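Novice: Protein chains in written order, with our numbering: chain A, 1 to 217; chain B, 1 to 406.
Honestly, I wouldn't trust all of these hints.
[Stated by the list, open to error] Only part of the chain A face toward chain B is listed, based on derived beta-carbon distances under 8 angstroms:
#1 ALA33
#2 PHE72
#3 MET75
[Stated by the list, open to error] A partial selection of chain B residues facing chain A, derived with a Cβ cut-off under 10 angstroms:
#4 PHE8
#5 ASP77
#6 VAL79
#7 LEU80
#8 ILE87
#9 VAL106
#10 LEU110
#11 PHE116
#12 MET117
#13 ALA119
#14 LEU130
#15 MET145
#16 VAL152
#17 GLU155
#18 PRO194
These are calculated hints, taken from the structure and not from any lab test.
Bear in mind the structure is a predicted one, so any value in this text is a computation, not a measurement.
Yeah, the Cβ is synthetic: ideal placement off N, Cα and C, and Gly gets one too.
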Amino acid sequence: MSFQVFLFYLLAGLTGLCAISVVVTQNIVRAAAWLLFTLAGVSGILFFLGANFVGATQLLVYVGGTLVLVVFGVMLTAQGPFITMKTGAAEWAVSTLVGLLLYGVLATAILTRTKTNDFATGPATQQGGELTRSTVLGESLLGIEQATPKANVTGVPAEKRKDLPSKGERSPVGYLLPFEIVSVHLLVVLIGAAYLARTKRRRQAEGGQPAPRVEGS
Amino acid sequence: MSPTLAGFLAAFIAGFVLITFMLVSAIFAVWLERKVAARIQDRLGPTRVGGKFGWLQTLADGLKLLFKEDLVPRDADQVLFRIGPYIALAGSFLAFIVLPFGNGVVPVDLNIAVFFMLAVMSTEIFGVILGGYGSGSKWAVFGAMREAAQIVSYEVPMAICVLVPVIVAGTMSLSAFGHQQNGMFWNWFVFHDPFTFAAFWTYFTCATASCKRAPFDLAEAESELVAGFHTEYSGFRWLIFFMAEYGSMVAVSGIAILLFLGGWHTGLLPRPWAGDLSETFLGTFVGNVLNVLVFVMKCYLLVFVMMWVRWTLPRLRIDQVMMTCLKYFLPISCFLLLGVSLWQAALAPWWFKYPMALGCVGLFVAMVVKIVLTPSTLPVAGLSGMWNAPAPNYGLLPSPLPGKRE
Chain A
1 MSFQVFLFYL LAGLTGLCAI SVVVTQNIVR AAAWLLFTLA GVSGILFFLG ANFVGATQLL
61 VYVGGTLVLV VFGVMLTAQG PFITMKTGAA EWAVSTLVGL LLYGVLATAI LTRTKTNDFA
121 TGPATQQGGE LTRSTVLGES LLGIEQATPK ANVTGVPAEK RKDLPSKGER SPVGYLLPFE
181 IVSVHLLVVL IGAAYLARTK RRRQAEGGQP APRVEGS
Chain B
1 MSPTLAGFLA AFIAGFVLIT FMLVSAIFAV WLERKVAARI QDRLGPTRVG GKFGWLQTLA
61 DGLKLLFKED LVPRDADQVL FRIGPYIALA GSFLAFIVLP FGNGVVPVDL NIAVFFMLAV
121 MSTEIFGVIL GGYGSGSKWA VFGAMREAAQ IVSYEVPMAI CVLVPVIVAG TMSLSAFGHQ
181 QNGMFWNWFV FHDPFTFAAF WTYFTCATAS CKRAPFDLAE AESELVAGFH TEYSGFRWLI
241 FFMAEYGSMV AVSGIAILLF LGGWHTGLLP RPWAGDLSET FLGTFVGNVL NVLVFVMKCY
301 LLVFVMMWVR WTLPRLRIDQ VMMTCLKYFL PISCFLLLGV SLWQAALAPW WFKYPMALGC
361 VGLFVAMVVK IVLTPSTLPV AGLSGMWNAP APNYGLLPSP LPGKRE
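For reference, chain B alone in the conformation it holds in the complex:
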């Protein structure tokens, strides 16, 4: 086989596997989103399609969307309206090219992989903006304008937060990040020092905003803008927008896992199993399959957190979104960058460093314990603002709304 043909085949297989992974995770994430939303709202969610848990609900939805008519509104800009979803999907998909799923399981091992991922994912907004503008609808234009303002603002603190672990690791290669966090979980960069610990939460919040997920989903904002930028979309093009959204959720979660949470290492099991599984007696192939599984599970865990946040928190107003970014996240991320630079410049002595790092681990454990142990009850009293008003009762049954009971 000639080298050209071999390279072509390798590229084809890698692209095929990647796009399959992205679309299958989109299908899984949509199903998960429906189940999570249902459970949080005390419902059951899909239960019937494809067996007990409604496994095939998303496939049925996708099939339905495929057969829907591909409408283009009369007032729309035909070209922009049609290419918008594809631009969004391309930007989301390209990020996966440099994302390592395991020890060496990466199509292109760039030495600036983090930077590349941020760069190509910044082009994803363009699909939203052009599609929203090209729709020829006021709701869509408002959604696209909000999206443009929001993403351009949130990219700045997100990129600065990415720089914090980059300074610790001294590299921008995601594979090198994975190798450096080998071993038990206190080797993960999130527990390296207080600044990386804070940077992880800041990054994750900014990433949620840059995926236009609730509580930052101002570009869609069903209660204000009908459906925001995709008001006029139907059928398959609408589906492509959502594939792009779920794809980029997995991508930003992958960045977070690799930068902060130990990449493809389990970090929990006893000695030989904590680190790189492909270096144990399992051999390269089986170990790497397990590595990929660990990495993908970690990604889905962060995606689950994003859904949890979405169905728990109310949507912010657009001015609150911008204020959160420019007044809080930007100064916080600049402070973290400065702090981690001083930390890495060895200004902190060892008797200060180790207690601080251990304190981060303790804080994290305490947060998890608090979340798990807090009983889930309806917040009947103690809320502020409009929630504190007496719940309206129209002379029917006792009101199910949270609020002060009379």
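Next comes chain A alone, as it looks inside the complex:
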């Protein structure tokens, strides 16, 4: 195992550990801190793979922008000094199931390798156009160089693109898709921020009298 491979596994392992910690921790600001390390680790992997621009964008947009706003929102809305979040057993079960299913789908997609869909000579590249196999997608997700489809990931036909590198050159196109998929978490962040920052309605007590106003609501 070369030094680069060792570094890659170290970085990936740390990023994965931080990602697990985001889910497991109950303190909401600590979860944000772990998310910071996760996002920084992902951008580190992107730098490692030579996709400098995507890595810097990841840092600037998600770490420097979005995550600051998240913590800002948490600080503005937290009612105690360090609020904790309790997760119920049912929520644990459902999310574990969904996570395992997603993991299974991705792992199958990556590990399934047919003879006709070989790295550089498979039908996906021979047809010169559409990305038909999940294997290619999964491998380009992982940033595997040889399987990076030439411009197929973005959905633009190869003959219409002018910025394609010549054959044998490394194409950074394959890393665009994972970056976009990671950006889905922006939606989650927005929903969470809206949930945390929404106006809390005062509950009506049984006798019709409004309950005393909770401080900070």
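Given chain A's structure and the hints, the job is docking chain B onto it.
Specialist: For chain B alone, coordinates are given in the frame of chain A:
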């Protein structure tokens, strides 16, 4: 030696040199700050430690801080409180990795170096926010909240101002920026056209704000928040916060030097010496050492300007800080971006371009001359607002405060 080992050693040496440079400049900048503050306030500052000028004052301070107890308040979030300073220092240090100090004197020559520096320096706030929040103190939380609001706002005009010279140069590589400004000082991008000239001042102001320096140091604000985000910090962790602050001051000054002020070129001396010194008869090594010296001196000059501003201007209020950014700097920077795009689209004819560029040089010289020639006197009258009220005199000596004398 195997290539892996060689690469590892190269990375180790580069990192070692960089972190040494950063910490030594922090030590020097703290000493400079104390001397500048003292001189501006008509004092002497440190005079005794380490000889005539108090050279070793910062080292003595650092030694004192090392031996202080590392306190963690009872109400603090232990983890966040402890890792906060390290995050700030990491963000500040990482920016130096792509900063070229001379012709090829750069650890990693990225072709998106400017963007990378802005990106990693935006993570530095996180140390402040997490440390301030984790302190479990109201002052610290207020400081961290102000910091978050301020930095997120000021990053926008700062990044847009960075785009102005990027449009002129057509690259984001800092090394290419340095090479393009070879020669005399009118080749520097700050004198390229009126828009880059204005962009330099806007960038420098926004950079001062993003380093949370006075008059934008609302995150600390001693008069309002005790010490802001680092109220609860003591000893070495407090020291690390300040190393990060001084490191990022040098880093943003380095960006300004490379984008606007000619990088490692002197730009003043006659012909062969004005440009890249490593291309003269001195040879690559000696020339590059001189290049690095020129670059570092220029950086310290901008750091000195930041200190000068800090000890001259009063602190703004938080609403004034936000208003300055959103109502003034953001429109100004957008206008500059638009203007420089039109300028580069060759809409301006040559008989317009050259007088304008020369006018920028003249304006700059006039500003320097005005600053140098203005006699430094106490502003006794002519100030507005609260300063114009009669200075309080409690029946003692004549009041030393500025204000209208009765």
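Novice: Decide, hint by hint, whether the structure agrees.
Specialist: Verification of the hints:
1. ALA33: A/ALA33 check passes; min Cβ-Cβ to chain B is 6 angstroms, inside 8 angstroms.
2. PHE72: Where the cut-off is 8 angstroms and the nearest Cβ of chain B is about 4 angstroms from A/PHE72, the hint holds.
3. MET75: holds (6 angstroms)
4. PHE8: For B/PHE8, the interface hint holds, since the closest Cβ of chain A sits about 7 angstroms away, which is under 10 angstroms.
5. ASP77: B/ASP77 check passes; min Cβ-Cβ to chain A is 6 angstroms, inside 10 angstroms.
6. VAL79: For B/VAL79, the interface hint holds, since the closest Cβ of chain A sits about 6 angstroms away, which is under 10 angstroms.
7. LEU80: holds (6 angstroms)
8. ILE87: At 8 angstroms from the nearest chain A Cβ, B/ILE87 passes the 10 angstroms test, so the hint holds.
9. VAL106: violated (14 angstroms)
10. LEU110: holds (6 angstroms)
11. PHE116: Holds: closest Cβ of chain A sits about 5 angstroms from B/PHE116, inside 10 angstroms.
12. MET117: holds (9 angstroms)
13. ALA119: holds (4 angstroms)
14. LEU130: At about 6 angstroms, which falls below the 10 angstroms cut-off, the nearest Cβ of chain A leaves the hint on B/LEU130 intact, so it holds.
15. MET145: Holds - the Cβ of B/MET145 comes within 10 angstroms of chain A, reaching about 6 angstroms at its closest.
16. VAL152: At 6 angstroms from the nearest chain A Cβ, B/VAL152 passes the 10 angstroms test, so the hint holds.
17. GLU155: Where the cut-off is 10 angstroms and the nearest Cβ of chain A is about 7 angstroms from B/GLU155, the hint holds.
18. PRO194: This interface hint is violated because 28 angstroms lies over the 10 angstroms limit.
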